[in-house]
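Engineer: Residue numbers (our numbering), protein chains in the order written: chain A, 1 to 415; chain B, 1 to 415; chain C, 1 to 339; chain D, 1 to 339.
Do not take every clue at face value.
What the hints assert, rightly or not - So the derived list for chain B, only partly shown, Cβ under 8 Å to chain C, looks like this:
| no. | residue |
| --- | --- |
| 1 | Asn109 |
| 2 | Leu110 |
| 3 | Glu158 |
| 4 | Phe162 |
| 5 | Glu335 |
| 6 | Pro337 |
| 7 | Val341 |
| 8 | Trp352 |
It is worth saying that the hints were derived from the structure and are not from the lab.
Virtual Cβ for every residue (Gly too), placed ideally from N, Cα, C.
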Amino acid sequence: MKKELTRQQYVDLYYYMRLNRAVEDTMVKLFRQNKIVGGLYSSLGQEAISVGSAYALEKKDWLAPMIRNIGALLVKGVPPRDIFMQHMAKYDSPTKGKDGTSHFGDLDNLHIVSPISMLGDLIPVMTGVAMAGRYLGQKIVAMTWIGDGGSSTGVFHEGLNFAATQKAPFVLILENNLWAYSTPVRKQVPVENLADRAKAYGIDSYIVDGNDVVAMYSAAKEAVERARAGEGPILIEAKTFRRLGHAQHDPAEYVPKEMRTYWEARDPITLYEKYLTSEKLLDAKSKKEIEDKIEALLAKEREFAENSPMPPAELAEESVYCTGDDCHKIRAKWERPVAEVTPPKSSVAAVWTVPGFGSGKGSGGANAPIHFGDAPAATEKSVSERKPPAKIATKTGAKKPLKAAAASASRKARR
Amino acid sequence: MKKELTRQQYVDLYYYMRLNRAVEDTMVKLFRQNKIVGGLYSSLGQEAISVGSAYALEKKDWLAPMIRNIGALLVKGVPPRDIFMQHMAKYDSPTKGKDGTSHFGDLDNLHIVSPISMLGDLIPVMTGVAMAGRYLGQKIVAMTWIGDGGSSTGVFHEGLNFAATQKAPFVLILENNLWAYSTPVRKQVPVENLADRAKAYGIDSYIVDGNDVVAMYSAAKEAVERARAGEGPILIEAKTFRRLGHAQHDPAEYVPKEMRTYWEARDPITLYEKYLTSEKLLDAKSKKEIEDKIEALLAKEREFAENSPMPPAELAEESVYCTGDDCHKIRAKWERPVAEVTPPKSSVAAVWTVPGFGSGKGSGGANAPIHFGDAPAATEKSVSERKPPAKIATKTGAKKPLKAAAASASRKARR
Amino acid sequence: MAKMNGAGTKEAAAGGAQVTFLEAIRQAMFEEMERDPAVVLLGEDVGVYGGAFKTSEGLLARFGWERVMDTPISESAIIGAACGMSYLGLRPIVEMQFIDFIVCAFNQITNFVAKGHYLWNAPAPMVIRGPSGGGVHGGPFHSANPEMYFVHTPGLKVIYPSTPYDAKGLLKAAVRDNNPVLFFEHKFLYRRIKGEIPAGDYTVPIGKAMVRREGRHLTILSYAAMMHTSLEAAEALAQEGIEAEVIDLRTLLPLDEETILQSVKKTNKCLVVHEDTKTGGIAGEIAAILCEKAFDDLDGPVMRVTSLDTPVPYAPTLEDHFLPNAKKVFTAAKELARY
Amino acid sequence: MAKMNGAGTKEAAAGGAQVTFLEAIRQAMFEEMERDPAVVLLGEDVGVYGGAFKTSEGLLARFGWERVMDTPISESAIIGAACGMSYLGLRPIVEMQFIDFIVCAFNQITNFVAKGHYLWNAPAPMVIRGPSGGGVHGGPFHSANPEMYFVHTPGLKVIYPSTPYDAKGLLKAAVRDNNPVLFFEHKFLYRRIKGEIPAGDYTVPIGKAMVRREGRHLTILSYAAMMHTSLEAAEALAQEGIEAEVIDLRTLLPLDEETILQSVKKTNKCLVVHEDTKTGGIAGEIAAILCEKAFDDLDGPVMRVTSLDTPVPYAPTLEDHFLPNAKKVFTAAKELARY
Ligand SMILES: Cc1ncc(C[n+]2csc(CCOP(=O)(O)OP(=O)(O)O)c2C)c(N)n1
Ligand SMILES: Cc1ncc(C[n+]2csc(CCOP(=O)(O)OP(=O)(O)O)c2C)c(N)n1
Ligand SMILES: [Mg+2]
Ligand SMILES: [Mg+2]
């Protein structure tokens, strides 16, 4: 990983944040013109997160967006027209009008998995993507996002725990924008830093200023490369704020005014623009160029989108099932010798040899890795050393020490 | 809470552990005689956990057992015959043969909630029990158990997180017996101490030697009283070992021999007996008395159980629904003035006033508690102080420091 | 689902007020909480925000933080906790922000909540309610009609009303029932239909269907939004001399077999209309019941008009094609009448 | 469910071996993993232990830790991850330790897995399998027949075989299918029935029912353990001169309407036998289909013999009363034949 970004990279980050905002501004206009079917979500003020994190991925890597990650889609290569058409339920949209918003994906080229509305479901799904990529030798990383609110779902826990046990090359960005719909983070999660959720899975975490695109990119880049190197999943908490309501319909009157004011002064694009200017990475001319480019692009994309027809009614009946090879030729892309995972090479003794748990009968004492690419855990102790803690009742993070009498009573009992 | 146990309490703990084991020994005999319907689970070697923790509850408190908590049921007052009859599917069993094992409860007298097989489901249910008790002014605590394996379920996360946000008077005992069926803890949970799961919810936790009944009781007692005092839910990890297979059918050949040997030497009853003897709390005579008492009791209970008939076939058709007052008169037991929760006293302004989030419009700046009995959190900062951390990208628990270049780049950007 | 005329609210007593479907639900909760302090409400954004659809607006203001609880996004925890509360004699009402999310708590509902009374004599008086149904371009994850998952689960009661009067009366009955009740609120009806409801307290009995329109040529069975569609079709059929008897099932579990059989024994023909997908929908169950209990009375096949066997598509053109409508009902009914 | 004679395995080629239902499943997985390295297996205790019922015994030894994955107790994660794997071209087989636990992943299956192809053109070739059904005194949480929850979910395929031959051939077909397939294994059959299966590779087509016994007086439709019960009843009926045609549905979604209609058009009477509870069971769906497509051929009501509308009780006396049996089938069939 480079320590400094190239000029091009600095500018790219700027361009994509601007594009992200411009695409969403355009959609607000479309919404006001009643051209958007259903609701419209906004990532205003959170662009640095989507853009910075997705920019850390390689082309072969996989991502799955949530509702406020239009920026990530743009970075990954989705044309704005697709986003417009998804929201307008047009026939030329990636889902042909069958679903809306960011609910679309692209398995073959861009490596994007579609979200569904149910929060958290993508976490195990992207864990599976990461595991499959590793299995096939593709050296990919999978990334998705979750909100502060979504981190309370059961599937967040199941997915991240599973990813951790598997050391899956998976990066999860937790966008802590302080609100889940009308509910403040404090009512959903009784911890100060949501990064602490990582402690339940023994995985590493970062806390990042989510309104700082370079910080976001740097943290994501490091996490992605560590995950790729086999260090297991990583959780990044990005601190930010949801500037608009939950969706267009919501005036968000429940948000304290001071809070809003505080964050409005920290707009990620404004901040970054100042930085780029002061560092002489952007001048008025190149800024204008970027603005013109975006304007021209979006005019074209919007026109295309608006001209696309609505899907024909009968399409509703089609494609519940894949009909076979004529519909999808499903072939795994092997980038390692298949012989590694087929007999006789794949054969192992069916006994537990996880370090620290010893081995079952007949294992010959060898340690089998619990997953592909796992280095033997050096810090593990052997079975007989794994006694319970010497102190009988130790409190982790407790406020008062446990009463001494009881402890000594049972200390004796053990002798 | 007393610092020392009374002699009676020491002896009680011994009695219940012996009773727990004797009840299960009897059931193994019944099982071998084909008198048990379905499977039979064992808590051999884990008796200290069930007995020690349930003994910390008051009569009015609520518990819900899991499969290895027969001891807790006995402490709470369930007669052994009920346990025998449940396993034998007899008509006089608490569920009349409709369900087996520890799947029964008693809402009216003993305050026991029945488990179901699906692991983790009891956690939100007991959270609700705890919340309802608090709401009604009953000053109760709710307790349940979960295994190392069960701590990976989504509902564990949802339930404990909800309990934490609500500061529910709820104590969860996590029995880490190192195995979930054939799967070692390391393959399910990539943390050394499962108590760390508590960190995801900002709640306190204890780590206890689960084979030491006094330590277990002391920790549970303290946790129960802290929960009752309004400090919120507490998680106790009890380190132990599952001495037999998952159930009677399972020889558990996957368990390393050294591991088994290590733990067999730490039998909780043997250890406690030594302690009681050395402390002169138990002599041969009183031990014999206890053994005789248990033997006589179980002979009687077993006879009753064996003589109970199988349920009549037609019973299968009955009681899918509660038919109304003739079936169950449902009345909440108020132990606080109802006026406290009815208008006008209950009326509040519908604005957020959680400390740290400021207040919505028109709140007048007052802080409304997020739940009944909550003390204002003194450590909370006001909104304007709640800036993101000064360091732009802080890593919690990360191994390598984040690259400096990127960080400084964006530090400038913020100015 | 074009015309929404608040049809079938003739039960409304004089002196009542015209209220929306949504307001009827809000009133039911308000009045039940007023009547009984054991009634509490919990769900995502039900407090300060008053619910995603504002069905609980004003409840927090009146009943306070202890009784109106904003929860984390944890459907299993919400429903599990409500079940635990019910064991101490509370009568929780649980809101699913959209009924689509109810499947996130599917195990908790079908295994814990539904089976307690049968297995260990533990009643769980609680109501699980939320906005359901399509027609508003909510797409595949905000338009669910999950009723059959629960009709197929012994131990639950399932209600799906079509009028403000019923919504209020049935929700009140649900709160007072000793069993877990699923209460589906078709969101298309929320603000589109109004109906008269009496001033005072009343309940509508669970398990009773209602004849919305009398007729003799065939029976149309329906519920929720499709009730209105069926009535619209019945008007058109009447123009052609076909008098359809239209029955609002209202409760899907337990089904009011008596009312259904009585009508079919009179008309000898039956068409079931539901917005749920076809395969495994309730029309099948009704066909089986009619075969079992009225086979000799049937002068034509039990027919069904339902949604397609697909997810709910997003685009209006697609969703319109997916959903039943008055024309489809009209066509099927005419065919059946001629049989 | 008394006599288990491996009936209906006449498809078995000469030179094959007699294997148990369970062994047939194990062989199917083994051979598919041997054939295609994209096939992997994941679930609780499927590796070292070989699965709670030993259906995956020996698979870890042969295919290694990368392809046979012991997972945490996290049904949603297991199914979610399998879905993600399928997006990269793998063909995961997921085991639910007991099929009862499938409801813990209900949202993931019905919303994520089932809808992907329709909505965004993403096939999810995966198999979710596990031991289901009652008759072994497993009690209310280890005896589930959850098939209708999934038959009512567009986008899934649902298989419920009754013989070792079919179990192996259909499981192989499921692994090769490009859609998510639910594969239910009735645990009562695991070790109780044996059947001949050919030595080489073969598949049984998904979506095709099978006539197990020809007859002319009535059609009995059934599947899984109740297939054997129905055949037993048919023997007894034959003693009384009633020749029942017994059809094994094998696949419940999509249903083989053609085979069903062909038989009913011949016998003019139909009895559906299933172990699932009655209300909302598949018998209703079949009744509706027969009404729609063969009403004029019906000389008697579509009848059903099913379990009671209750949870599965634990005590043998209760469970026996709860379940259908050959006598109940015999009685109903006789009544229908006489109609
Ligand atoms: C399982 C589930 N329950 C409820 C919802 C309804 N819902 C949609 S977004 C949302 C709030 C999400 O908050 P958060 O995760 O913090 O994301 P943010 O909107 O702040 O980006 C809710 C409750 C849902 N989508 N999924
Ligand atoms: C949700 C769910 N999935 C799977 C099972 C099957 N099952 C029953 S017990 C068990 C292992 C439990 O391990 P643990 O929680 O550690 O408890 P222990 O048996 O060690 O006491 C499993 C997988 C279940 N009961 N519930
Ligand atoms: Mg948020
Ligand atoms: Mg365990």
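Engineer: In ascending order, which of the hints set out earlier in this document are inconsistent with the structure?
Structural biologist: 1, 2, 5, 6
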